[in-house]
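Q: If you want the building blocks of each chain, they are given just below.
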Amino acid sequence: MTNIGLILRRELGSYFFSPLAYVFIVIFASITGAFAFYLGDFFGLGQANLQSFFTYHPWLYLLLAPAIAMRLWAEERKSGTIELLMTLPISTTQAVVGKYLAAWLFCGVALLATTPIWITVNVLGSPDNGVIFASYVASFLMVGAFLAIGSAISALTSNQVIAFVVSAATCFMLTLSSLDIVLDLFRAWAPDLLVDTIASISFLNHYLGITRGVIAFSDVVFFASVISLWLFINVIVVDLKKAG
Amino acid sequence: MTEMLALSGLTKHFGPIVAVDDISMTIGRGEVLGFLGPNGAGKSTTMKMVAGFLEPTAGTAEICGVDVVEQPMAAKRMIGYLPEGAPAYDDMSVSGFLEFVAGVRGVLASKRNNMIARAVEQTELGNVLGQRIETLSKGFKRRVGLAQAIVHDPDVLILDEPTDGLDPIQKHHVRSLIRAMASEKAIIISTHILEEIDAVCTRATLIAAGKLLLDTTPDDLAARASNHNTVVLTVDSAQSGSLTVALSAVPEIGNVEQIAQDASMVQLRITPKGGESVFTTVTNIVSDKGVKAREIYVERGTLDQAFRDLADSGKSLQAHTENPAESPVEIPAND
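Line by line, the protein sequences give chains A and B. Numbering follows my numbering, with no gaps: position 79 of the first sequence is 79. Numbering follows my numbering, with no gaps: position 57 of the second sequence is 57.
If the Cβ cut is set under 10 angstroms, some of the chain A residues that face chain B in the computed set are:
(1) L6
(2) I7
(3) R9
(4) G13
(5) I82
(6) E83
(7) L85
(8) P89
(9) K242
Calculated from the structure, these hints are not laboratory results. Note that this is a predicted model, so its numbers are computed, not measured. Positions of the beta carbon are idealized from the N, C-alpha and C atoms, including for glycine.
Work out the full structure: start from the sequences and follow the hints.
A: What follows is the structure in structure tokens.
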């Protein structure tokens, strides 16, 4: 646990020592706000809720989460610090979890930076704060899943651009796996059971489920499983690369 | 001497390439072992396996009896490792980086400040503690790498090219530091600077094409050089002809060659047939002939020459022993 904490602190520190953290947080808060007001027509709807705000989070995460995750392992590999890290007395799992939690916490901070819109909507009307809270939880879980995918893919390469593009594509597929754009790839040849399974792992469906205001156990388990699975892959990839 | 590091049949394949081929050796407390070898010989790969970064294809590495693969955490705690190129987290400050490493290495919080202060003092980093590592010069970065390797006062130190990129004064300083720590630890350094072997090592090993070719003392390595015990003699050019003939007739002398010449002077290099000095024989002949020598001295074999000779004869050398004094490896004579 101490080791995870030390890694987490070092990683978080490196976000905030560089301009990356501030650029990211400011852009994230502005874009989520802008999407809500312009694309989501926040005022035009005349409703005291944040649905127009949360609708756009998954799409923004598709771009921003891989950008955060791409450096987690690719940069270590590129700069050679991975050799330092892996010869310190810490296990691969500790390193993977510590790094991942730092990225997730960091995105949590960025999400917190958007809370003024929550206050605004309370000033303007009387929204269902339970639904808004659930939506924040959904958003946090969603970005957590994206980061776990991005982290595992980042461990495969020392090239951050490749890590970014592959992660973004993977996240895109998994997010939209209930839509025809993805399912048509499989319908032609795969059995119905497989197609249904693919449709059921759609991140978007689970995300929308929670944003309706019900933090269902199954949805939380879904995201927890996705995160665990990808971190497990992450550990295996780091160990395999080490052995080779 | 306590055995602190034991490599046994250590082997690493990268696909079809054999990077390290069946290396076995033991290193005790107080020993500084130098890994010599051309680039790509397998020095770094061997060190990476000992440090626990690469998994060996076969064989084992034990740190104070603890197998690096089976108990990586326990083994890594006893090692200080400076990877090739001294990588460090560029975005951290020197002090932040050392605190992080000391923390992960399990240095107790109560001792941490003292241990860091000692490492900082030994590597002379006091003036740059607050600076971000990316702003430091190459020499400072190398010293930060050294500081993180010694911050927890490990029993075993593995330093991959510790003085690369340092200026001559810093090099001297780092070598003194290694010598000062040597009595307490077992140290492996890799280098292709031969003077370093002379300056800090108690043992010199030569690795080429992944094989351990030689494991001996620095002095013995120098003695293997083809230029060991050669006599250099400067005489008047008028007398050089007859002297050369006389010298060549001596059975112990293998070769007499002219290495420099100007209007009045000739410089000769006299190479003995065996490794024994022929200095007295040469001076006797010189005085018998009434030759006026301007200059006469014996050359000690240089490590550079020994290294070149060994690298040339490379693959014909297979033998290596724990105790080189008892059964020295035969080096083909230079003729």
